[in-house]
Structure formats: C-alpha cells, structure tokens
Amino acid sequence: MSKHSGWKATTVAVSWGLVALAALVAVLARAESHATLYGDHVQCEQGQTGAGEKCRIDLFLTRGFRAFSQCQVCHGLDGNGSSFAPSLVETLREIDKDRFMEVVANGYKGQIGVMPGWKQNPNVMKYVDNLYLYLLARSDGAIPPGKIERYDR
Amino acid sequence: MRKSALTLAVFAGTIASGFANANQEVMKLTQDSANWAIWGGNYAGQRYSELNQINTGNAKKLQVAWTFSTGVLRGHEGGPLVFGDTLYIHTPFPNKVFSINLADQTINWKYEPKQNPDTIPVMCCDTVNRGLAYADGKIFLQQADTTLVALDSKTGKLIWSVKNGDPKKGETNTNAPIVVKDKVYTGISGGEFGVRGFVAAYNIKDGSLAWKCYSMGPDSDMCVDPNQTTAMGKPIGKDSSLKTWKGDQWKIGGGTTWGWFSYDADLNLIYYGSGNPSTWNPVVRPGDNKWSMTIMARDADSGMAKWFYQMTPHDEWDYDGINEMILADIDVKGQKRQALVHFDRNGFGYTMDRVTGELLVAEKFDPAVNWATHVDMTTGRPQVVAKYSTGQGGEDVNTKNICPAALGSKDQQPAAFSPRTGLFYVPTNHVCMDYEPFRVEYVAGQPYVGATLSMFPAGKVTGDGTNNLGNFIAWDASSGKIKWSISEPFSAWSGALATAGDIVAYGTLEGYLKVVDAKSGKELYKFKTASGIIGNVNTWEYNGKQYIGVLSGVGGWAGIGMAAGLEGDTEGLGAVGAYKALAKHTQLGGVLTVFVLPDGA
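Protein chains in written order, with the working numbering: chain A, 1 to 153; chain B, 1 to 601.
Derived by calculation from the structure, the hints in this document are not laboratory data.
Cβ atoms here follow ideal geometry from the backbone N, Cα and C, with glycine treated the same way.
Among the hints, erroneous ones may be present.
As the list claims (entries may be wrong) - Straight-line Cα separation of at most 16 Å, EDC-like style, residue types lysine to aspartate or glutamate; simulated pairs:
hint: 1; chain 1: B; residue 1: LYS205; chain 2: B; residue 2: GLU25
hint: 2; chain 1: B; residue 1: LYS60; chain 2: B; residue 2: GLU523
hint: 3; chain 1: B; residue 1: LYS522; chain 2: B; residue 2: GLU541
hint: 4; chain 1: B; residue 1: LYS96; chain 2: B; residue 2: GLU25
hint: 5; chain 1: A; residue 1: LYS147; chain 2: A; residue 2: ASP58
hint: 6; chain 1: A; residue 1: LYS119; chain 2: B; residue 2: ASP118
hint: 7; chain 1: B; residue 1: LYS238; chain 2: B; residue 2: ASP221
hint: 8; chain 1: A; residue 1: LYS54; chain 2: A; residue 2: GLU149
hint: 9; chain 1: A; residue 1: LYS109; chain 2: B; residue 2: ASP118
hint: 10; chain 1: B; residue 1: LYS519; chain 2: B; residue 2: ASP502
hint: 11; chain 1: A; residue 1: LYS147; chain 2: B; residue 2: GLU395
hint: 12; chain 1: B; residue 1: LYS212; chain 2: B; residue 2: ASP353
hint: 13; chain 1: A; residue 1: LYS126; chain 2: B; residue 2: GLU441
hint: 14; chain 1: A; residue 1: LYS147; chain 2: B; residue 2: GLU358
hint: 15; chain 1: A; residue 1: LYS119; chain 2: B; residue 2: GLU441
hint: 16; chain 1: B; residue 1: LYS234; chain 2: B; residue 2: ASP152
hint: 17; chain 1: A; residue 1: LYS147; chain 2: B; residue 2: ASP136
hint: 18; chain 1: B; residue 1: LYS154; chain 2: B; residue 2: ASP136
hint: 19; chain 1: B; residue 1: LYS336; chain 2: B; residue 2: GLU363
hint: 20; chain 1: B; residue 1: LYS400; chain 2: A; residue 2: ASP58
Claimed, not checked - Stretch-level coverage of chain A by chain B, calculated; a stretch enters the list once three of its residues show a Cβ under 8 Å from a Cβ in chain B:
hint: 21; segment: 67-74
hint: 22; segment: 101-115
hint: 23; segment: 127-134
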C-alpha cells in the first residue's frame, strides 16, 4: 500500500466517523429538544429519560395514551404498525407537529389504508396535544409501549 | 355428518310446496361432496367433506395445482364456493368477486362494486369479507358499505341491491350471508361504533326486506315472545333486554352480528351469535346488557326467537359471541343429542341442545383461560374472578394478566367437525392482556372503544415457559376436553377443514397450509403460500380429482394484534423472549392456492 492511498483511506475513515458522529449528535439533539416538550410529564429513575420501563408518566401523558387507544385498532397495540397502517413510532420521526395535527384532524389516504379524520371525535381531539407528546416520547424511546404507571396519583 | 345428511335428504324429499325451491337447490348442492356450496360446507357449519381421495396415506404427496391472485392487498378471510365447473372467490374491500372456470382457470366474469372509500376507516379491524352465498342462480355478496347484492351467477350482472345499514353511523359489513328457502340473511358490524346489532332477512327474489330482528331493545324490535322464547329453559319474560340496560343505552348498545349463520332444516331454526356491548368500558353500562354476547336460535321463516343463551353477561373484556355454531348429532355424557357446539371468544367451549337451548357442557378449551373459574350449569353464568374483572377494577385502573385477550381464545376463524372421529378441530389464540377501561363520549359514526389494551403470549401469565400465540386443537365436545394440541408460534387464524380421508387442514399466519392426521394431529404436509393465511380451507372435486383450496393474504385483527408484541423482547414483554415479527415471515397479498395429488399418487 502506498503512502498516498493510506492517507486517503484514513481521510475516508475519519470522514465516515464524522458523519456518524454528526448523525448521533443530531439524534441526541432531537431527543434533547423533544425532551423539553414532554420531559415535565415523564419521571425516570436517576433522572434518566430513555431508561424505558423505569419511567413513569403523569395524567397529561396518560390521557395521550388513552387517546392512542383509538389509534391501536389500526396502528397496532404498541403503535408499531399493522398489515395496513404504518408505524406511528417511525412516522413521528418523519413529520412535524403541524403535519401530525393536520392528519389527525382530516385523515389521510395511503397506498394501502385510509385513515379517518378525527375532527368530529372528542375522545381524540380534546387530547390531541397529549396524544402528540405521548407518541413523540414513544418515538424517541423515552417511554415504553403499553400501560405506564403514573407518578402523580 | 352422515346422519344429518340423511335427515336433510329426507326433509328435502318430503317438502312439496314451491317456496322451498332455492332451499332444496342449495341443500342438494351441499349434499354432493363434489361441491363446496356454502361457507361451512353444509348448513350445519361442520366444514366436513366426505371426499377421501386425499387421505392420511398420501397427503404428503400434495402439490400446488394452480394459484390465483386477487390483486387486493388487505386481509383475506373466508374461502371459495365451488360447484359444477365454477369457483367463486371474493376479496376484502373493494369486494371484488371472480367467477373462475375450473377447466382452464380462466375468469368467466368479474364484479367490482364502486364503494365510497370513506367506508374503509369506519371498519374497525381491517377491511375483511368472509365470503359469498349462492342460491337460485344468484351469488350474494354483502359489501363493506352494507350494500347486499345479488349477482347473476352465470354473468356477474347485478340483479338487485339493497342497503342494509349506514356507514355514516359506523355500520359496515364483513360477514358472509346465508340463504335459507326464499330468504338471504345477513348481519351488521360496528360494535366499536355504538351500532345496535340485528339480523335482517331479505327476499332473494327482489331484495325486499322480509324481517329485521335486533339483538337488544324492546321486545317488538327483537322478534321475541316473552312467554315462548326461552333462556336456560325458562321464558325470558317481558322487556328482557330493556331491564338490563341503564336508560336508553341499548340504543347504542352493540351486540352486532358479524359472524357465521348455521341452519337446521328439521327444526327450521337458524343459529348465530351477537357481539360485545358497547362501550368497552363496563363501568358505564351496569346490568347484563342483554342480549349481547348471546347464542340465538330463530325461526327461519319469521325470525321469531326460539331460545337465547347469554354466555358473557355484562361483558368486561370484548368477548364477542359471534363465532360459528356447529350443529352435530353427538353423544353427550352417554346420551344422543342434537347438539350445537360453539367455541367462544371467552375461552369456553359450549355444547348445547340445539332444540331447547339446554346447556350441556361448558369447559375451557384453552387451559390459560382465567377470567372465570367455571360456568354454573344451573344458572348458565360464568363465575367471574374478581381480580380479572375490569369492571370491579374500575375506570382508570389497569387490570392485568387477563386470559384470553380481547381477540379471544378463538375469533371468527371457524372450526371443523369430523363425524368419523367425533372430534372438533379448532384454530385458537393463546394470548392474554392488560385492560384499562376509561370514559369516552359517544358520537355517531365515531369509534367508541373506551379501553386501553396490551396483549402478550399466554405463557407470560401461566409461567410455563412457552411463548406461542396459538394452538390448533382437537376437542371432545362431549366431555369438554382437549384430545391433542399443536403449538403454533402465531395465532391460528384460519378456518379448518376435516374430511373422510381422516385429514384436517388449516392455515397459519406465517402462510403455511398444514395437513394433519385427524386422529393424532401428526403433521402430514405443509406448504408455504404467498402470504399469511386468515382464510378458510375448503375442498371440492372436479373431473374426478379432489382439490383443497385456501386464500392467503395476511391481515384482519390477526394482522393488527399480532404485529404487536412480536417486535422483540425489549418492548416491555419481559420474559417472553425474542420474537420475530410476523412481517419477517410474510407480506401482504391475496392469492388463492389450490392443491391436488399428482397423477398416480
């Protein structure tokens, strides 16, 4: 191997490392910025958001989970999708809050499924902010799927 | 069943009047084992065929004869109807129907209705359809948007159509209709939308409504005679339903009728079950909520109820009572009985006297079932275990480790009965749940659930170290005992077939068509079809050869419930262990796969 090509390989390796680092930083930054949105509603042991089962939530996010029961019927019990509706855990990584609110209220026609608009349904719309933050926390892995104990009762 | 076939033949022979022509025609078709002319193979819903060319000795040689893609992606339930040289197959929404020429598998005709896509999101659990009915030169299709249509069986041309409900109120349809004499019967879906269930009978001639009988409400709505209609051997009395609801909750009370219909020609009774009361929050609807969760026997001509049996009074778990009613004349505890056998969502296998509605046997067909200790044979009531009562637990309390889960120890996937072995072959779920009811507001046309759920393999509750989500079992309905059981990694969500070749066939969610020995459960053959199977396995004969056909096309509630909880052991499932997602085994797509023995086998 010539000196020249060795230098090049090192550069490539370093560049890839930088890309990976940048991606990691971006992910952390995203979770960090989200945490400011739902962080007040989650309490984790040792103050560690992201510790999964060790976290508990408050009434606000519990109401989000209840609203999510209307989503479970198509998007799966844990929101990871079904044979005809996409994973909400993944989708929340791809869309912003405005888009989320728009789709929840007015519905969506997908390639396989059709999602209803929920604007007439008080069980969803009264708690749509709760639902958004619940799903965002799920999407970030800050809380596990399923029922989570409350810390404020 | 031979005896039944014989009695049916005698019945058909003695009927002289003209009104029963269609009935006689279908009866005759179902008595010829070359055909599969009704969803259950016969009116008794036994899913049994006298064909024995494919048997325990040669089933291992089975091969794929031909396949047919429906071009539709979502969950494919039900199975083909076959008679003469034609096969009829249906699809989920948009509910296409194909008539296929068995000689060369060309398409004789195709019917594709134009339905409002707004129907799709009103369907609670995928856009499934469970199949067709035939009589009087007409193919009957119950479309998702509640339109019931009669098609010319030769041309596919629309003869008549009638609206059976209103999707704007959450009413949809998934069930297969059934024809008896000059009427076609259908039900309604929408228990998650506060729909009040009913069965409607339409005249096959022109689609005009003959009668409509609700599952709940005033006596006049339910087609009951307070003095003649019985439950547990006693007259149900006046206002039997109204007394069991708070105020006028019965108006949005559920009890929908999305399952299968069976018919006994001697008794002239149709049998079916009603679904869950809405909402899923039991706290807000005190009382038994009659007649949700009920086996119903009605006069086929008038709809008048002969007897009811409510399996799960005041449901707290979503254990719909709509699963198939299998009519079989069997020995029960040493006595010959005209029995009705039903494997309920609630995990109990019921053997009833289908003449009187007497409860003969009620035993758990999955040992994991824990919500009730047993059924009191005097009152017919399940003895609910307090710690698994979501109502006693109360609103906003998570009741844990209830078995079975809301999808039941068995859902709509119909079982089979072999008169040769005397056994019932039952595809089952082995899934438990946590369930937390909470208060919701009712808005017409909007889902009305009112509970959050988690589901997981039953092994997490029983602690027996298993992690399978289903079993395929052989059941003795006389003693209420499991004879043998095949463990399945996923729910067994396919309708079973039993034949005189002493084989039993069923499909799996990964997509395998499996053929097993009816006596032992030993696997004889398996083949991986194009997609997961939630359809029913049917059989027929054409040009001297026996065929077995099944729809694959994963989806339905199985595709929702089971996609969950299988993502891995990191997702709150604890000791359950590593699962492979169903998505790793199979993908969407409707395909009919037809099997046959090779020449000389």
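Outcome of the hint check:
Taken as a hint, the LYS205 (chain B) and GLU25 (chain B) pair is honoured in the structure, with Cα atoms around 15 Å apart against an allowance of 16 Å. Distance check on the hinted pair: LYS60 (chain B) and GLU523 (chain B) sit about 9 Å apart at the alpha-carbon level, within 16 Å; holds. At roughly 25 Å between alpha-carbon atoms, LYS522 (chain B) and GLU541 (chain B) are farther apart than 16 Å, so this suggested pair is violated. For the proposed pair LYS96 (chain B) and GLU25 (chain B), the alpha carbon gap of about 25 Å is over 16 Å, so the pair is violated.
The suggested pairing of LYS147 (chain A) with ASP58 (chain A) holds, with an alpha-carbon distance near 12 Å, which does not exceed 16 Å. Under the criterion of a C-alpha separation no larger than 16 Å, the hint pairing LYS119 (chain A) with ASP118 (chain B) is consistent with the structure, at around 15 Å. Straight-line distance between C-alpha atoms of LYS238 (chain B) and ASP221 (chain B) comes to about 13 Å, which keeps the hinted pair within the 16 Å bound. Of the supplied pair hints, the one linking LYS54 (chain A) and GLU149 (chain A) holds, its CA atoms being roughly 10 Å apart against a limit of 16 Å.
Restraint check: the Cα-Cα separation between LYS109 (chain A) and ASP118 (chain B) comes to about 10 Å, which is no more than 16 Å; the hinted pair holds. Proposed proximity of LYS519 (chain B) and ASP502 (chain B) is supported: the alpha carbons are some 7 Å apart, at most 16 Å. In summary, the hint linking LYS147 (chain A) to GLU395 (chain B) is supported, as the alpha carbons are separated by about 14 Å, within the 16 Å threshold. Between the alpha carbons of LYS212 (chain B) and ASP353 (chain B) the distance comes to roughly 25 Å, so the proposed pair goes past 16 Å and is violated.
A hinted pair counts as satisfied when its Cα atoms are at most 16 Å apart, and LYS126 (chain A) with GLU441 (chain B) qualifies at roughly 11 Å. Distance restraint check for LYS147 (chain A) and GLU358 (chain B): the Cα-Cα separation of roughly 41 Å exceeds the 16 Å cut-off, and the hinted pair is therefore not satisfied. Taking the CA atoms of LYS119 (chain A) and GLU441 (chain B), the gap is near 14 Å; set against the 16 Å cutoff, the hint holds. Of the supplied pair hints, the one linking LYS234 (chain B) and ASP152 (chain B) is violated, its CA atoms being roughly 45 Å apart against a limit of 16 Å.
Restraint check for LYS147 (chain A) and ASP136 (chain B): the C-alpha separation of about 53 Å exceeds 16 Å, so the hint is violated. Between the alpha carbons of LYS154 (chain B) and ASP136 (chain B) the distance comes to roughly 11 Å, so the proposed pair stays at or under 16 Å and holds. Distance check on the hinted pair: LYS336 (chain B) and GLU363 (chain B) sit about 19 Å apart at the alpha-carbon level, beyond 16 Å; violated. Proposed proximity of LYS400 (chain B) and ASP58 (chain A) is contradicted: the alpha carbons are some 20 Å apart, above 16 Å.
For the segment 67-74 of chain A, the assignment as covered by chain B holds, since 6 residues bring a beta-carbon within under 8 Å of that chain's beta-carbons and 3 suffice. Only when three residues or more bring their CB closer than 8 Å to a CB of chain B does the claim for the segment 101-115 of chain A stand; here the count is 6, and the claim holds. Under the rule that three or more residues need a Cβ within less than 8 Å of chain B, the assignment of the segment 127-134 of chain A is violated, with 0 such residues.
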